[in-house]
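Got chain C sorted already, so can you dock chains L, E, F, G and A onto it with the hints?
6 protein chains.
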Amino acid sequence: MVEFTHIEEGHVRMVDVTGKPDVSRSATAEGKIYLSSETLAAIRDGTGLKGNVLATAEVAAILAVKETSAIIPMCHPLPIGGVSVGFIETDEYINVTVTVKTYGKTGIEMEALTGVSVALLTIWDMVKSAEKDEGGQYPTTRIEGIRVLSKEKGTA
Amino acid sequence: MVEFTHIEEGHVRMVDVTGKPDVSRSATAEGKIYLSSETLAAIRDGTGLKGNVLATAEVAAILAVKETSAIIPMCHPLPIGGVSVGFIETDEYINVTVTVKTYGKTGIEMEALTGVSVALLTIWDMVKSAEKDEGGQYPTTRIEGIRVLSKEKGTA
Amino acid sequence: MVEFTHIEEGHVRMVDVTGKPDVSRSATAEGKIYLSSETLAAIRDGTGLKGNVLATAEVAAILAVKETSAIIPMCHPLPIGGVSVGFIETDEYINVTVTVKTYGKTGIEMEALTGVSVALLTIWDMVKSAEKDEGGQYPTTRIEGIRVLSKEKGTA
Amino acid sequence: MVEFTHIEEGHVRMVDVTGKPDVSRSATAEGKIYLSSETLAAIRDGTGLKGNVLATAEVAAILAVKETSAIIPMCHPLPIGGVSVGFIETDEYINVTVTVKTYGKTGIEMEALTGVSVALLTIWDMVKSAEKDEGGQYPTTRIEGIRVLSKEKGTA
Amino acid sequence: MVEFTHIEEGHVRMVDVTGKPDVSRSATAEGKIYLSSETLAAIRDGTGLKGNVLATAEVAAILAVKETSAIIPMCHPLPIGGVSVGFIETDEYINVTVTVKTYGKTGIEMEALTGVSVALLTIWDMVKSAEKDEGGQYPTTRIEGIRVLSKEKGTA
Amino acid sequence: MVEFTHIEEGHVRMVDVTGKPDVSRSATAEGKIYLSSETLAAIRDGTGLKGNVLATAEVAAILAVKETSAIIPMCHPLPIGGVSVGFIETDEYINVTVTVKTYGKTGIEMEALTGVSVALLTIWDMVKSAEKDEGGQYPTTRIEGIRVLSKEKGTA
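Line by line, the protein sequences give chains C, L, E, F, G and A.
If you read the first sequence in the numbering used here, its first letter stands for residue 1, the second for the next number, and so on.
If you read the second sequence in the numbering used here, its first letter stands for residue 1, the second for the next number, and so on.
If you read the third sequence in the numbering used here, its first letter stands for residue 1, the second for the next number, and so on.
If you read the fourth sequence in the numbering used here, its first letter stands for residue 1, the second for the next number, and so on.
If you read the fifth sequence in the numbering used here, its first letter stands for residue 1, the second for the next number, and so on.
If you read the sixth sequence in the numbering used here, its first letter stands for residue 1, the second for the next number, and so on.
So here's chain C without its partners, still in its complex pose:
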């Protein structure tokens, strides 16, 4: 029988975790943004361009990780202890990986997923003038494969 801990007797609630021990926890999530080959080539070749697109995405992701419990309604606020962001560029897409660490009472995968999503949205925003066609539409741009790569938990 599947269980939905955020819903009880027809009402949403934020589950009580006050009795759970603080333990070290980490989670890593990833996702991809598909871009036109012209945009990807321009990012690959232009040092300043690349640095600025990815640095802006990194900063946005780290800030978003810290705001997760204000964005996702039932998320518990957790003391974010560390965040790192990585990028892999291919001929078709940029892959973003976010790892988040905490020492707290509940898992931190929603923070990693929120960081990945905001990094990908920020890349989209940074390159949108290059990705739009003449009608202002986006024939190529899309975000795919947002998922949790791993979750770890220490002992109390």
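A portion of the hints provided could be inaccurate.
One copy or any two copies: either way a pair holds, since identical chains are not told apart in the list.
Capping the alpha-carbon separation at 30 Å, the derived lysine-lysine pairs in DSS-like fashion look like this [stated by the list, open to error]:
1) Lys105 with Lys50
2) Lys50 with Lys20
3) Lys32 with Lys20
4) Lys151 with Lys132
5) Lys32 with Lys151
6) Lys105 with Lys132
7) Lys20 with Lys105
8) Lys32 with Lys153
No wet-lab data here; the hints were simulated from the structure.
Here is chains L, E, F, G and A on its own, set in the frame of chain C:
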């Protein structure tokens, strides 16, 4: 030659749009979250459950649309005039569509994309106790196909 | 037949107001916080005390007015043009009045009501060490009578 | 002699609680919103309507509980461990109850009171098109009786 | 006779600007952060280092410009139309310049000053491990000369 | 060799502090705002004026201290335990001092510096109608000398 309006001479900037006219604009974006068949069946069969999962996602999406310029660094703040959220449930995934309307100086697709992303992340958070396996991992859950369906612009 | 514009076909939405004209609008709301006579006397007699309690409540109210659309999910963001806060002290309670002005597409009473509520909660917080009994409970403190006093709208 | 811990020598301050032990704490607050009998009947009879009005108020209340220390100036940030929201509908009003739990250094009643206030304001916003008279005024709508029902504290 | 428009009859208020016309406006502010010569040399010589320190400060400044009315209590929210950030490095300090543009009802210098302040604080945070002495103190680091360089206003 | 812990292999990151012990920590920062002698005299002589300018700055500073990790990208969120703000008025400037206390895993000087900066910006905003010359410029107003006065750390 591709153009990156948010970057000039090696620095990021928020492009100056003060000289552009206010016109009515709308954008629609969509995305999917793949879930286990047990979770999708429980949502389909449980009225209270379904109402709560989707209502929470709707509210989170609408709030996120309004916060887009605080989340995506180079986004211009726009006077959000209307937001609607739609869901389609299939045997494999829930599809989310968000339409945003404004009367302003620049396009509103980043707001629609942010609304879709936050709706999908909120669904994930609401069903995560049902989606995790015994090791606390997510074998099925993933977000795919976030894209702009259409963008429209009135005349000044 | 009563109408709920924020709900359509079983879904919440933020109503589209992009087609409405910008007009000057104002709204005034009020509310009361009942306090122990000792607390009210201390506020009445202590200039520094009174200044600090009411100034903190004023500042909190003005900031909250500006954050209303981030706090109330279906509220439209409006360009806040002016806010003023007034207090009346009696032997039983402090009455708070908040007037908000805008030049926008929809009414501004939720902003005035949010300002009043936050002013009253801030007064509570500022005097809570004086209001609590030995068991840490609040035998007297309560908030009453939050309502809209008037709403006005100019012509386009 | 009444004591105002947030004020010292004519200045506001956020009281230092760093030396206090972390203990489990909970607080429950309540409040009422009076509505017209037509609005209350429509909410009672319309499943979708009721679900949406109350679900939106629940989500707004839970988010507001987490933002309390950003809204109320002298409030300490506390690690919110759990939040639940309840509603009782009568012929005259809807009563909202919010219970908040933490494991921290100071009481959590301001969070419960903020959650109640925001739930009530959100209900107002959701039904405002039905509550306004022809002149755009609110002859019936008002918020009453916001108070702390109970506060509890564990041992260190 | 000096005038304080934010204070009237002993109360703070947010001045009513709803009757003022929308005009194009811009403001430029600057400020300096003094750093140790070792830190400045490391930033000058390390391309990756310099890019990351300054890009993070730029992004933080642009986000802060948009949040000014949530940080400075009596500031009116203004539709930010464009923001650019510049840096000059010398042997003693880094100078930051922020220019903000709007099309609105009141001046935008507080936004430019807030952007400069947050850029300087972010640089401090990014280099703090290099600036601290053995006792964890900052013998050199300080922020100086935050001022408005120019303010301009178009005609209605 | 200087060390920049927020940057690793050409990428920004939020340093992992989850393994560090919680200890009591405090930091005090200060800064000055130079104002015209007319403005300083008006503040000195007008009780209501002075109370309102400084109380608004105090409240803004305390709120900003709590928002530091949302404003400065790589800052860790810390459980703020206490904040106090002090002012010294001279014939040339107002000096602001902010002391922040926490019980956490990393230093709290960025919070004290952010509090000082926001207090100074708020004073500027409160007196700006008195400081501007006929051309709308600020011949006198400037912020100087923002620095950390002391940092202390207890033992685990």
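Results of checking the hints against the structure:
For the homomeric pair Lys105 and Lys50, the shortest alpha-carbon distance between copies (28 Å) is at most 30 Å, but the shortest distance inside one copy (38 Å) is not. In this assembly of identical chains, Lys50 and Lys20 lie within 30 Å of each other by CA distance solely across copies; the values are 28 Å between and 43 Å within a copy. Taking CA atoms no more than 30 Å apart as the test, Lys32 paired with Lys20 passes in neither setting, with 34 Å inside one copy and 33 Å between copies. Only between protomers do Lys151 and Lys132 lie at most 30 Å apart by alpha-carbon distance; the minimum there is 11 Å, versus 37 Å within a single protomer.
Taking the closest pair of Cα atoms, Lys32 and Lys151 come within 30 Å of each other both inside a single copy (19 Å) and across two copies (23 Å). With identical chains, the CA atoms of Lys105 and Lys132 are at most 30 Å apart between copies only, with a shortest distance of 17 Å across copies and 44 Å within one. When the C-alpha separation of Lys20 and Lys105 is checked against a cutoff of 30 Å, the pair qualifies both within a copy, at 6 Å, and between copies, at 17 Å. Proximity of Lys32 and Lys153 under a CA criterion of 30 Å is satisfied in both settings, with 26 Å inside one chain copy and 29 Å between copies.
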